[in-house]
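Chemist: So the protein lines, in turn, are chains A and B.
Going by our numbering, the residue at position 84 of the first sequence is 84; the numbering climbs one at a time, nothing skipped.
Going by our numbering, the residue at position 132 of the second sequence is 132; the numbering climbs one at a time, nothing skipped.
These are computed hints drawn from the structure, not numbers from a lab.
Some clues are possibly wrong.
Heads up, the list lumps identical chains together, so a pair's fine if it works in one copy or across two of them.
[Said to hold, decoys possible] Simulated pairs of lysine to any residue, SDA-like, Cα-Cα distance not exceeding 20 Å: (1) K42 x E76; (2) K42 x G93; (3) K42 x L92; (4) K42 x Q89; (5) K42 x E71; (6) K95 x R34; (7) K42 x K95; (8) K42 x Q4; (9) K42 x R57; (10) K95 x A50; (11) K42 x L65; (12) K42 x V81.
There are 2 protein chains.
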Amino acid sequence: MFSQTTEYALRAMSCLAYAPESPVSTTDLATQTRVPSNYLAKVLQILASAGLIVGRRGVGGGYRLSRSPAEITMLEVINAVTPIERIGQCPLGIKSHGTSLCSLHRRLDGGAASIIDLYGGITFEDIVRGQGEPRRPLCDTGERRPSGLTFDGGSISPDAAADNRNQP
Amino acid sequence: MFSQTTEYALRAMSCLAYAPESPVSTTDLATQTRVPSNYLAKVLQILASAGLIVGRRGVGGGYRLSRSPAEITMLEVINAVTPIERIGQCPLGIKSHGTSLCSLHRRLDGGAASIIDLYGGITFEDIVRGQGEPRRPLCDTGERRPSGLTFDGGSISPDAAADNRNQP
C-alpha cells in the first residue's frame, strides 16, 4: 500500500526513535535499517526537508529526530514521502457533484480517512515501546546499533554513530 | 493513497457497471470517465489482462465487464493495478522475527489488512446503486453515456457505444 521509500523512511525514523538525543550516522542507519546507503541518503533528505529529522556534520554528527518520538506520528512520515490526500471535491470536475461526492469517490475518500486516522494515532514512541508485540523494529541487526538502544530482553551495547564523522 | 491509474481504472469499471451487458467503446468510456483516451487505453489493457473486462472488436464492439457488477469488488480493480500486499514476514529478513512481525511492520500490515477488508467488501453493484449517496459516479458527463444507464432521478437516454466501431 505504501512505497518502498515510505517503508524505508519509517525504518529510519524507528531507528532514530530508539535514541532520540543521539545523532546516528548515515552509515550506521544504513546498517541498522538494512537500506542501501545511497537510497537511504535520499530518504533522509526527504525527512530532513519535512522537518522530521535534523542533521549535524562533523565529529559525533549524524541525524536525530527533530522532536520527541512521542510527538511524531507514522502519518507525518508517510505524508513526507507521499501525502495521503482526502478527496474534497469531485475529481472529474462535475459541477453538480462539487463537494457532494459520488458513491465511488466517497468510498475512496473513506479509505483515505481511515488510514489517516489509523497512522495519525501511532507515534514512534508507540513503535519503539511496542504494545504487546514480542518484537521491536530493527532488533536483530547486529552490533551497529544507536547508543542507548534497549529492549525488553535487556540492554544493547552502545555503538553511537561512529563512522563517517565528516557527514551526517 | 491510490495512484492516478488506479483511480482511472475504478472510474472505467464504474462506467461499465452501469450497463454490464453492453460493450462501450474506448472513446465513449474516455468521454464518460473524463480520462485522456491514450491513458485510458492502457488502463483498459490492464483491466483486460486481469480478466476484469472483456473487449470485442468490430461493429457494436467495445469493453464490458467480464462478470456481474455484484461479483467484482473494488479491491480486485485496485489489485489489478498495484496489489495491496500484506506483510507476511520481516521485510528486513531478520531471522529472529520471521513471521512474528515487529511493532512497525505489524502496524503497516494492519493498515493493509484494513484496506483489503474495506474494499474487498464493496462491489460495483454497490457503487452504481449507491447506499444513501445523493450522487452516482459519472452522472453528469453529458449525453455520451452507456445504454441503460439509470439513476434514482430517472432514466438516462440510451447511447450505446457508437463510436470507433472498429476497435473496442
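Chemist: All hints are to be evaluated individually against the structure, with a verdict given for each.
Modeler: Status of the hints after comparison with the structure:
Taking the closest pair of Cα atoms, K42 and E76 come within 20 Å of each other only inside a single copy of the chain (17 Å); across copies the shortest separation is 33 Å, beyond that limit. In the homo-oligomer, the alpha carbons of K42 and G93 never lie at most 20 Å apart, since the shortest distance is 36 Å inside one protomer and 22 Å across protomers. When the C-alpha separation of K42 and L92 is checked against a cutoff of 20 Å, the pair qualifies only between copies, where the shortest distance is 19 Å, while the shortest distance within a copy is 34 Å. In this homomeric assembly, K42 and Q89 never come within 20 Å of each other (Cα to Cα): the closest approach is 33 Å inside a single copy and 26 Å across copies.
Neither within a single protomer nor between protomers do K42 and E71 lie at most 20 Å apart by alpha-carbon distance, with minima of 23 Å and 43 Å respectively. With identical chains, the CA atoms of K95 and R34 are at most 20 Å apart between copies only, with a shortest distance of 13 Å across copies and 49 Å within one. Proximity of K42 to K95 under the C-alpha cut-off of 20 Å is found in neither arrangement, the shortest distances being 41 Å within a copy and 27 Å between copies. Taking CA atoms no more than 20 Å apart as the test, K42 paired with Q4 passes inside one copy only; the shortest distance there is 12 Å, against 24 Å between copies.
Taking the shortest Cα distances, K42 and R57 sit within 20 Å of each other inside one copy (16 Å), while across copies they are farther apart (47 Å). With identical chains, the CA atoms of K95 and A50 are never at most 20 Å apart, being 35 Å at best within one copy and 33 Å at best between copies. Taking the closest pair of Cα atoms, K42 and L65 come within 20 Å of each other only inside a single copy of the chain (16 Å); across copies the shortest separation is 43 Å, beyond that limit. In the homo-oligomer, the alpha carbons of K42 and V81 lie at most 20 Å apart inside one protomer (11 Å), although the nearest pairing across protomers, at 27 Å, exceeds that limit.
In terms of the numbered hints stated before, the structure departs from hints 2, 4, 5, 7, 10, listed from lowest to highest.
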